[in-house]
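Chemist: Start from the sequences, fold in the hints, and give me the full structure.
So the sequence lines, in the order shown, correspond to chains A and B. The first sequence: position 32 = 32 (our numbering), numbered continuously. The second sequence: position 137 = 137 (our numbering), numbered continuously.
Treat the hints with care, since some could be wrong.
[Unchecked claim] Footprint (simulated), chain A over chain B, 3 or more residues, beta carbon under 8 Å:
| hint | stretch |
| --- | --- |
| 1 | 98-105 |
| 2 | 204-213 |
| 3 | 221-227 |
[Stated by the list, open to error] Where chain B lies over chain A, by a calculated footprint (3+ residues, C-beta under 8 Å):
| hint | stretch |
| --- | --- |
| 4 | 113-122 |
| 5 | 159-167 |
| 6 | 182-194 |
| 7 | 209-223 |
Rather than coming from a laboratory, the hints here were simulated on the basis of the structure. Glycine included, C-beta positions come from ideal geometry on N, C-alpha and C.
Take a look at the letters that make up each chain.
There are 2 protein chains.
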Amino acid sequence: MKISVLGTGVVGQVISEKLIQLGNEVAIGTRNVQNTLEKTNKDNFGRPPFGEWHKFNKSVKLETYSGAAKFGSLIVNATNGVGSIEALSLAGSENLENKVLLDISNPLDFSRGIPPTLTICNTDSLGEQIQKAFPKTKVVKSLNTLNAYLMVNPSIISGDHNLFLSGNEKSAKEEVEQLLISFGWKKSNLIDLGDITTSRGTEMLLPIWLRLWGALGTPEFNFNIVRN
Amino acid sequence: MKISVLGTGVVGQVISEKLIQLGNEVAIGTRNVQNTLEKTNKDNFGRPPFGEWHKFNKSVKLETYSGAAKFGSLIVNATNGVGSIEALSLAGSENLENKVLLDISNPLDFSRGIPPTLTICNTDSLGEQIQKAFPKTKVVKSLNTLNAYLMVNPSIISGDHNLFLSGNEKSAKEEVEQLLISFGWKKSNLIDLGDITTSRGTEMLLPIWLRLWGALGTPEFNFNIVRN
Numbered sequence: 001m002k003i004s005v006l007g008t009g010v011v012g013q014v015i016s017e018k019l020i021q022l023g024n025e026v027a028i029g030t031r032n033v034q035n036t037l038e039k040t041n042k043d044n045f046g047r048p049p050f051g052e053w054h055k056f057n058k059s060v061k062l063e064t065y066s067g068a069a070k071f072g073s074l075i076v077n078a079t080n081g082v083g084s085i086e087a088l089s090l091a092g093s094e095n096l097e098n099k100v101l102l103d104i105s106n107p108l109d110f111s112r113g114i115p116p117t118l119t120i121c122n123t124d125s126l127g128e129q130i131q132k133a134f135p136k137t138k139v140v141k142s143l144n145t146l147n148a149y150l151m152v153n154p155s156i157i158s159g160d161h162n163l164f165l166s167g168n169e170k171s172a173k174e175e176v177e178q179l180l181i182s183f184g185w186k187k188s189n190l191i192d193l194g195d196i197t198t199s200r201g202t203e204m205l206l207p208i209w210l211r212l213w214g215a216l217g218t219p220e221f222n223f224n225i226v227r228n
Numbered sequence: 001m002k003i004s005v006l007g008t009g010v011v012g013q014v015i016s017e018k019l020i021q022l023g024n025e026v027a028i029g030t031r032n033v034q035n036t037l038e039k040t041n042k043d044n045f046g047r048p049p050f051g052e053w054h055k056f057n058k059s060v061k062l063e064t065y066s067g068a069a070k071f072g073s074l075i076v077n078a079t080n081g082v083g084s085i086e087a088l089s090l091a092g093s094e095n096l097e098n099k100v101l102l103d104i105s106n107p108l109d110f111s112r113g114i115p116p117t118l119t120i121c122n123t124d125s126l127g128e129q130i131q132k133a134f135p136k137t138k139v140v141k142s143l144n145t146l147n148a149y150l151m152v153n154p155s156i157i158s159g160d161h162n163l164f165l166s167g168n169e170k171s172a173k174e175e176v177e178q179l180l181i182s183f184g185w186k187k188s189n190l191i192d193l194g195d196i197t198t199s200r201g202t203e204m205l206l207p208i209w210l211r212l213w214g215a216l217g218t219p220e221f222n223f224n225i226v227r228n
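Modeler: In structure tokens form, the structure reads like this:
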């Protein structure tokens, strides 16, 4: 399958690697290809600069946002939440039309310090804003409630734990479910919360997620919804 | 132990019953004792009016907020979140001084319809507002992330699942932990998130909690934080 990943940070890299391993063709999109390749700083997670990563992942095509969006039949939004609407606008609404957009982004605002707050919440969500801005795209919010490495390898932690899906179209959620199952997620651990307004709930998980990281000393944990 | 429960709704009733069963002396506080006894409507959960409940729970003393607050050495805030600061003011800051206040309330606003939004979130929380308004009281936020029946009987659902605690004083959190353990919670399932600002995270769990109730068809579920 041809899949485009928008965003060259840790989430974009980890998702792209996994998609390639699974035999997909992958294009990763960025605002400015040259600038992205010329970065020399390690990122906030201590990972090497993008160019170093790309040397080991040459099969991932590096493109502009619009080049990448043209390429894929499914699009993954792994851009920084506060810049997502702009990145998707650069990708071009015509390149996103009638496609499923898996939105992993969270509207985290680090400008006030740590822990970050959300730029949108409670009466709206980034998932909803993206769906409104791109009405012909089938937005499915998922994977935004856990660490990148766990997203693509849920068995890093043993036992059952859950992923949430939000989106207006059942068929689009089913397409994303197939992708998630290819990543190793059990179908029975995927919870369809409902339409895209339910993104409010998963984006608003971030504040406790960040505090749990602090309390547990590791980002390698996930929520399991326990019931009889 | 003498414990006061402020709020005569389902949470206040269920907590009071459990506290009595465990051998505590309990006063339940309300704005106006006569009005509370004269209610004839079932509540939103289909429970009988307070007066009916009280006939079967005569050992729970019914008091005004201030009468109840004077009585207890530990206070439980089970009032409606949007009215909590006012209820605690009626209870009297002098009656809450140097006491632990277990705050179970959530700032849910039903005035815009269902699902409710939060009146405070993201950059503040009700837990913090209560701590600021009553600086000599030791506020511990907990139990606000699950159904009332589960609060006092965690084994309703099998397996491990977690409760979160937020508060500025370690000794106050330890006092609440003892109470929770008496309710049946395993110490290993209690997660101390940190100071009272971490209430933001647990109060912001409500939006997904409400959507999960919808998706799962039952409020009898809880979050388990899975890690290795």
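Chemist: Does each hint hold? Answer for all of them.
Modeler: Status of the hints after comparison with the structure:
{"no.": "1", "hint": "98-105", "in the structure": "violated (count 0)"}
{"no.": "2", "hint": "204-213", "in the structure": "holds (count 8)"}
{"no.": "3", "hint": "221-227", "in the structure": "holds (count 7)"}
{"no.": "4", "hint": "113-122", "in the structure": "holds (count 4)"}
{"no.": "5", "hint": "159-167", "in the structure": "holds (count 4)"}
{"no.": "6", "hint": "182-194", "in the structure": "holds (count 4)"}
{"no.": "7", "hint": "209-223", "in the structure": "holds (count 12)"}
Taken one by one, the earlier hints fail for this structure only at number 1.
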